[in-house]
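There are 2 protein chains.
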Amino acid sequence: MKAYKIPEATVVRLSIYSRQLSNMRKAGVETVSSEEIANSVGVSSAQVRKDLAYFGEFGTRGVGYRVDDLLGNLTKILGLNREWNLAIIGAGKLGSALALYEGFRQRGFSIKAIIDVDEKMVGQDLAGVVVDSLDKLENLIKEHDINIGIITVPAMEAQRVTDRLVEAGVAAILNFSPQVLRVPPDIVMRNVDLAVNLKVLSFNLSHNS
Amino acid sequence: MKAYKIPEATVVRLSIYSRQLSNMRKAGVETVSSEEIANSVGVSSAQVRKDLAYFGEFGTRGVGYRVDDLLGNLTKILGLNREWNLAIIGAGKLGSALALYEGFRQRGFSIKAIIDVDEKMVGQDLAGVVVDSLDKLENLIKEHDINIGIITVPAMEAQRVTDRLVEAGVAAILNFSPQVLRVPPDIVMRNVDLAVNLKVLSFNLSHNS
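In order, the protein sequences belong to chains A and B.
Count the first sequence with the numbering used here and you get residues 9 to 217, in order.
Count the second sequence with the numbering used here and you get residues 9 to 217, in order.
Read the hints as simulated data drawn from the structure, not as lab findings.
The structure presented is a predicted model; accordingly, all values stated were derived computationally and were not measured.
Take these hints with a grain of salt, some might be off.
If chains are identical, the list can't say which one is meant, so a pair holds when it fits in one copy or spans any two.
[To be verified] Capping the alpha-carbon separation at 35 Å, the derived lysine-lysine pairs in DSBU-like fashion look like this:
| no. | residue 1 | residue 2 |
| --- | --- | --- |
| 1 | LYS84 | LYS58 |
| 2 | LYS128 | LYS101 |
| 3 | LYS34 | LYS128 |
| 4 | LYS58 | LYS150 |
Just need the whole structure built from these sequences, with the hints factored in.
Shown next, in the form of C-alpha cells:
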C-alpha cells in the first residue's frame with residue numbers, strides 16, 4: 009500500500025515544474041523565484057511554495073531557488089534519477105505513436121518491448137524496438153526487467169493483458185484503453201482515457217456561460 | 009468564467025459511469041443499484057451517490073436507478089446530447105492515431121478538420137477527413153463551426169497554433185503537446201501530457217513500499 013499522502017494534482021504540477029526548470033537551465037538561468045516558476049506554469053506562487061513544502065525547504069528567502077539544485081531535488085522526488093523500463097502492449101496507431109514519442113526517452117523512460125497480437129505487426133521496427141508477439145509477453149517482461157506496462161489494446165483485451173503483466177511482475181500500468189482495469193492494491197495504476205478527456209471538455213463547455 | 013463548482017474528479021467519474029451504463033443497456037439491464045455501478049467502476053457506492061447528488065435525485069430507494077433514465081440524465085449533464093465539432097492540429101503519428109480513434113465518433117465528437125504544416129501530409133485521407141494545410145486553419149474553424157481544437161503539434165508550435173484557434177473562435181483546447189498553453193479565461197482547456205502521466209507513475213513507484 010502507499011505510504012505517502014501527496015495529492016495527485018501536486019505530483020502533476022511537480023512534473024511540470026521540473027520541465028520548466030529544465031528549460032530554464034538550458035537557457036542558462038541560474039536562480040529563479042517561486043513567482044517566476046509560477047508564471048511559467050500558470051499557477052500562483054503560493055501554490056508553487058506549497059507544492060515544494062511537502063518535500064522540504066529548497067529556496068533561500070530573498071534569493072529564490074538555485075535552478076540546478078531544485079531541478080536535482082525534483083528529479084529525485086519524482087523518481088526520475090533512474091531508468092524505468094516500459095513495455096507497450098498493442099502496436100496499433102496509438103501504440104505506435106507512443107513508441108515514437110520522444111518525450112519518453114528524454115526523461116528516463118526506456119521502451120524495451122512492444123507487443124502485438126497481429127502477426128503483420130510482429131517483426132516491424134518502431135524507433136529501434138522490434139514488435140514481438142503476444143505469447144512472448146511473460147518472457148519479455150522478465151528478460152528486460154519491465155516496470156511499467158502501457159496498455160493500448162482494444163477494451164475487451166485490456167483486462168486479460170493487464171492480468172498477465174501483473175502476474176509477470178510489472179509494478180505499474182498506464183492504461184490507454186477505455187476499460188476500467190482491476191489490479192491488486194500494490195500495483196500503481198493510471199488511466200488515460202482520451203474520450204474521458206473530451207467528455208470533461210464537453211461538460212465544461214456545457215456549463216460555461 | 010465558470011459558474012459551476014463540480015470537482016473535476018467527479019466529472020471524470022460521471023463520464024465513466026455513463027460508459028458503464030451504456031454497456032449495461034446494451035446487455036439488456038433495466039435497473040441498477042449504486043453498488044452495482046460502483047463495483048463496475050471500482051469506487052465506493054457512497055462515492056457514486058455523492059457524485060450523482062450534485063445534479064439531483066435520480067434513483068428510487070430500495071429499487072435503484074433505471075438504466076435508461078440515468079444514462080439519459082448523465083448524457084445531458086455531460087453535454088453529450090449534442091455533437092461537438094473537432095479539429096486536430098498536427099497530423100503526425102499521435103494526431104493520426106487520434107483521428108482514427110473510434111471512441112470519439114461513438115460519443116458525439118465529430119472530427120471535421122485535420123491540419124498539418126507538412127505538405128506531404130496535406131491531401132491524405134484519415135478516416136474520411138482529408139488533411140488540410142495550416143494556412144487554411146481560420147477558414148476551416150469557421151466553415152465547420154469547430155468547438156474544440158486538439159493540439160498535437162511540436163511543443164514550440166503549440167502556443168502559436170492555440171492563439172490562432174482561439175482567435176478563430178474555438179471554445180476549448182485539448183492539449184497533447186508538453187507545452188503549458190496560455191488561453192483567455194473563457195476558453196476551456198485540458199492538458200494530456202503523456203510524459204506527465206509517466207512521471208506520476210514514477211513518483212508513485214518511488215514512494216510505493
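Structure-based check of all given hints:
1. LYS84 / LYS58: within (18 Å within a copy, 37 Å between copies)
2. LYS128 / LYS101: Answer is both: 14 Å inside a copy and 19 Å across each meet the 35 Å cutoff.
3. LYS34 / LYS128: between (42 Å within a copy, 32 Å between copies)
4. LYS58 / LYS150: neither (40 Å within a copy, 43 Å between copies)
The structure fails to meet hint 4 from the earlier list, while all remaining hints are met.
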